[in-house]
Each structure stands twice: as C-alpha cells, then as structure tokens.
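**Q** The lines below spell out each chain.
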Amino acid sequence: MSTKLNGSSEGSMPLRRSEQTWGPLAVFGNTASAAIATWCFITGGWVAYYVGAGRGGIAITAGTLIGVFIALLAALPAATRYGVEAVRSTRPQLGVRGAWLTLALVLVILVGWNSVLTIFLSQAGHEALGAMGAPGEVSQGLGTTTIGVIICVAVFALLWRGPDVLRLAGPTIAIAVLILSMIITVVLLVEFGWGHIFDAVALGPLPDDRTNYMIVIELGIAGAVAWWPYVGSLTRHSRSTRGAFGPAVLGLGVMMSLVLVIGLFAALVVPESGGNPTMFMIEVGGPALGLVALAFMVLANVGTTMVGVYACALALKQVPAIDRRMSWRAATALSLLPVIGVVTFFADPFMAHYGTFLAFAGVTLGPVCGMQIVDYYILRRQELDVRGLYDESSTVYRYWRGFNPAGFLAIGVGVAAYVVVLDPVHFVPGPGFTYLSATVPATLASGLTYYAAMKLVPGLLRSSLTGGRPEAELGGRRAASGVPTPAVPVPPGMSSEVTSQ
Amino acid sequence: MDAELASRVEALERDKLGNPLDRSTFTLLVVTTLVLPVVALLIGWGWLG
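Quick mapping for you: the protein sequence lines, in order, are chains A and B. Quick note on numbering: the numbering used here labels position 478 of the first sequence as 478, and the sequence is numbered without any gaps. Positions in the second sequence are counted from 1; adding 1000 to them yields the numbering used here.
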C-alpha cells in the first residue's frame, strides 16, 4: 500500500479525478523545469561543432520538436487518461512481467540523468565559486563531491511532501530560469552582436554539410525522445489530456530549444566554453553576472533532478513488493542513493562515458515509443484495460507467462535499425542517415514490427483485449470488428465514436 | 485486489471515457511539432544548396 501525502497517493494506485489537480501552468512549469538544465548548454556546444548559428538553430529546434512529438504521442495520452507512468504504461506492449524491462531501462536512464546533472552542477559550481574568489580552498574532488551531496539532500528535502511541491516549485523554477536565460542571451548579444554570432563558423564539421545538418537534427530528436521516462510522471496529475499537450510542447520543446540555442551561440563565439556560458559570464561581468549564471545552473539542475528523482521513485513504486514495503520517502531516498554513489566514487569515469550513456538512451527509447504509439492508437484505439494495468491477478496483459514476445521483438528490431543507420557511440553515419536520421527509422521499424507481430502471432492481440474470456462476454462491437469496446457503459451525452477516437 | 485499489480502478473506469486525445488536439500537435519543424528543416536543407 502506498503512502499518502497531502491527499495524493504516490505509488502504484491510479489517481482519482480529485487528485488530478495540475492545470496548464503546473504542467508547463514542470516540463520546462525538467527540460532546462546544464545539458542543454553541453548539447548546444556539440551542435556548434557541426553547424553555424543559423542552420544550427533551425536544426536543433526542429529536431527537438519532432522528438517531443514522438515522446508525447507515446506517453502523454495514456498518462493523463489512466494515470500511468512509464513502467506501467508498457504493460500492454510488453506484458505484466515484460514491463520489468522498462523498469530496468527507466531506472538506469533516470539514475544516469540525475547523476549527470548533479556532477555537472557540482563541477561547474565549484569552478564558478573558485573563479569568483570564494574563500576556503578545497580540492576539486572534495569540492564537487560535497556540492553533489548537498544537491541530493536538497532534492530529498524538496520532495519530502510528494508531488504537491512540484506543482508549486515547477512554475517558479521555470519562470526564474527563463528570466536568467534571457539575461545570459542579452549578455552574449551585447558582448558579441548578432553579426559575430551568425558569422561564426562551425568548430569541427564533417566534410559533408548534409551529414552535419542531420547529426544536429538527430541530437535534437534523440534528446527530446529521452524525455519519455519523465512524461508520464509529469502529466498524470493533469486535469485533462487536451490541457496537457500545449504546455508540455512549450515546456519540453520550446523552452529546451531556447537554451540549446543559447549553448550553440555561446560555443560558437567562445569555443572554449563548450556551450556553458558560466565562466564567460564571470569573465565579462565579474561576480554579479557570475551569480546570475550560478543561480541559473542551480535552479535549472535542481529542478530537473527533482523531477527525475520523483519519476524514479514513482517507477520503483510500480513494483508491488516495493510499493507494499516502502514509503514514498524511502523510495525517494533509494532513488538518490545511486546518484550519491556515482557522484562520490565514479564521477570522472561516469562523465568519461557520458556519450555512451546518451547513446543508450537514444537507441532504446525511440523503439519503445514506436511500439507504444502503434499499440495505443492503432491496435487499442485509446482503450486500455484498467484492471489489466493495475490488478496483479488480471490475465489481460499476461500473454506468454507475463511476457509479450511482439514487444520484445519490436524493440530488438528498432534498436537494430538505429545501429544500422547510425553508430550511436562514435556518431558514424550509415546508409540512409542523411535523409532519415536514426531515431525516426528506429521508431518506425519498431512500430511496424510490433503491428505485424501482434496481428500475425495467433492469440496475442485477442488475449490482450479479452484476457482470455470469450469475446461474446465483452460486447458486440469488439467481437464483430476487433475494435476494443469500453469496459463500462458510455455516459449520457457522449457518443461511442468519441470514446473510441 | 484490496478495497482501496478496487475503488480507484472503478472510478478510473468511469472517468477515463471523457478524457481521450481528441482530433483537434491531435491536429494541433501534428502541426506544431511535426509539420512546422519539417517545413523549417526543408528550408534549412534548401539553404544548404
């Protein structure tokens, strides 16, 4: 049984309508505060290696929005309609036991992102404090570890009372970060001017312009698809599906693109910054602007880590044994422990393999999204079996001993498609990359494979619609057409066409 | 299934029917996050010559 905090149930329980209290501002604030962090600067710095400001700005913004399209389409409607976060949302595609794969995936990715953010912030914070003449000389390792642990403790304290804190903290952090971003942009423009920024050439492009362009698009798509584990946790508290989409696009897509472009500009005109304008701000404006940059980093990274730890704790609570035995606060603490471990003992080796970690997220999540989109919209017409999602004794999503082979096959094919089109570790393009990117074909390959397998393997789709019960028990329309029928009567005034859109 | 979960599942089965992704929201999503970005990318692609 989950622990109740301020009336909200944080665990495996579905939310009641009265607990879905987030309006558009809360959804926007939390998606924006999740999306904006130091990694935007770092990715912006990578973009500067391949293209200049004009094409880079277009490619990274458009790529990010396309990635947001994939991630939101896959995760948001099921989250707002059924209250599911990432792990539980894959039960229909992978099976009740197969969703353990998602749990492992989500935990690795969320712990990884949280570690990346904490290390980024602690290292940059230590450097910035040193540059601003902070008293008390300490070694880099001790300084960053201390700051990292302080960040983790602060995040734990902020999440002490559950997601109600996010509803208030998200918009506050988002607005503050937006203002600070504007200040950083103005400083960049005043110092260098539009002309200098747009005349600056790419730092280390490949010989082929189109390949450079597509690599940047792929960075945007893969970076945005990597939000998939966060989307369910961020939007399940929304009052409606319609009311969550616009704010989520603004938060995850537009706000993130804005900071990516700032990182691109900074890296083009101050190449040694790598996209992070903090040290540049201190050099230009002394401690006053240094504090602005530091405040940006703290708010942006703590906000993202807070959302990441919340999503991680929520994913852990989807395991019934953990949900029964562990309180919300204990799950939050457990989500932070690996981060403290990485920050304390493995910060340097972890960051040395940051690119591999990014590749892992990009390669796996596109296929998961493709499979989920086909399943939710085409095969199930937005109708999931509520008991199959939440009741451990339900047979609806049990498939073959709890695993759906179609889902695993689809993910395997999607990952293979990605690797064929792009070497994700060294970013070496393969056939078709220049025209297709890598995440898009991986997503399509996974979705098509899933559709074919569900249709061709006898019993898979039928059993997940009926739970093994005779179709005659489930209503005429599904039995006649194969289209899922709502498990409860349609309320007055609402046509069945609307419910099965 | 315990009573609390059963109660919440029943409430969800009732409520979910009013909260699908409707066509207008879907269209808006497609236009803003797929069509416009692809058009922008094509413009950028043309810029490459």
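Honestly, I wouldn't trust all of these hints.
To be verified - Covered stretches of chain A (chain B as the covering partner; in silico rule of three or more C-beta atoms under 8 Å from a C-beta of chain B):
(1) 142–156
(2) 260–273
(3) 342–351
(4) 375–389
What the hints assert, rightly or not - Just the calculated beta-carbon pair ranges, DEER-fashion:
(5) THR146(A) x ARG1023(B): 51 to 59 Å
(6) VAL153(A) x ARG1014(B): 29 to 37 Å
(7) THR211(A) x ALA1003(B): 58 to 66 Å
(8) ARG1023(B) x GLY204(A): 26 to 34 Å
(9) THR172(A) x ASP1022(B): 43 to 51 Å
(10) THR146(A) x ARG1014(B): 49 to 57 Å
(11) ILE1043(B) x PHE345(A): 27 to 35 Å
(12) GLY193(A) x ARG1014(B): 43 to 51 Å
(13) HIS196(A) x GLY1046(B): 41 to 49 Å
(14) ARG1014(B) x HIS353(A): 26 to 34 Å
(15) GLY54(A) x ARG1014(B): 47 to 55 Å
None of these hints come from the bench; they were simulated from the model. Please read these numbers as outputs of a predicted model, since none were measured by experiment. Every residue, glycine too, gets a C-beta built ideally from N, C-alpha and C.
**Q** Compare the structure with each hint and give your call.
**A** Structure-based check of all given hints:
1. 142–156: The restraint on the segment 142–156 of chain A is violated, since only 0 of its residues have a Cβ under 8 Å from chain B and three are required.
2. 260–273: violated (count 0)
3. 342–351: violated (count 0)
4. 375–389: holds (count 3)
5. THR146(A) x ARG1023(B): 51 to 59 Å: holds, 53 Å
6. VAL153(A) x ARG1014(B): 29 to 37 Å: violated, 42 Å
7. THR211(A) x ALA1003(B): 58 to 66 Å: At 60 Å between Cβs, range holds.
8. ARG1023(B) x GLY204(A): 26 to 34 Å: The hinted range 26 to 34 Å is violated for ARG1023(B) and GLY204(A), with Cβ atoms some 46 Å apart.
9. THR172(A) x ASP1022(B): 43 to 51 Å: violated, 31 Å
10. THR146(A) x ARG1014(B): 49 to 57 Å: Once the Cβ atoms are compared, 52 Å apart, the range 49 to 57 Å for ARG1014(B) and THR146(A) holds.
11. ILE1043(B) x PHE345(A): 27 to 35 Å: violated, 48 Å
12. GLY193(A) x ARG1014(B): 43 to 51 Å: Distance hint for GLY193(A), ARG1014(B) is violated at roughly 60 Å.
13. HIS196(A) x GLY1046(B): 41 to 49 Å: Hint violated: Cβ distance 25 Å, outside 41 to 49 Å.
14. ARG1014(B) x HIS353(A): 26 to 34 Å: This hint is violated: roughly 48 Å between Cβ atoms.
15. GLY54(A) x ARG1014(B): 47 to 55 Å: The hinted range 47 to 55 Å holds for GLY54(A) and ARG1014(B), with Cβ atoms some 52 Å apart.
Of the numbered hints stated above, those contradicted by the structure are hints 1, 2, 3, 6, 8, 9, 11, 12, 13, 14, listed in ascending order.
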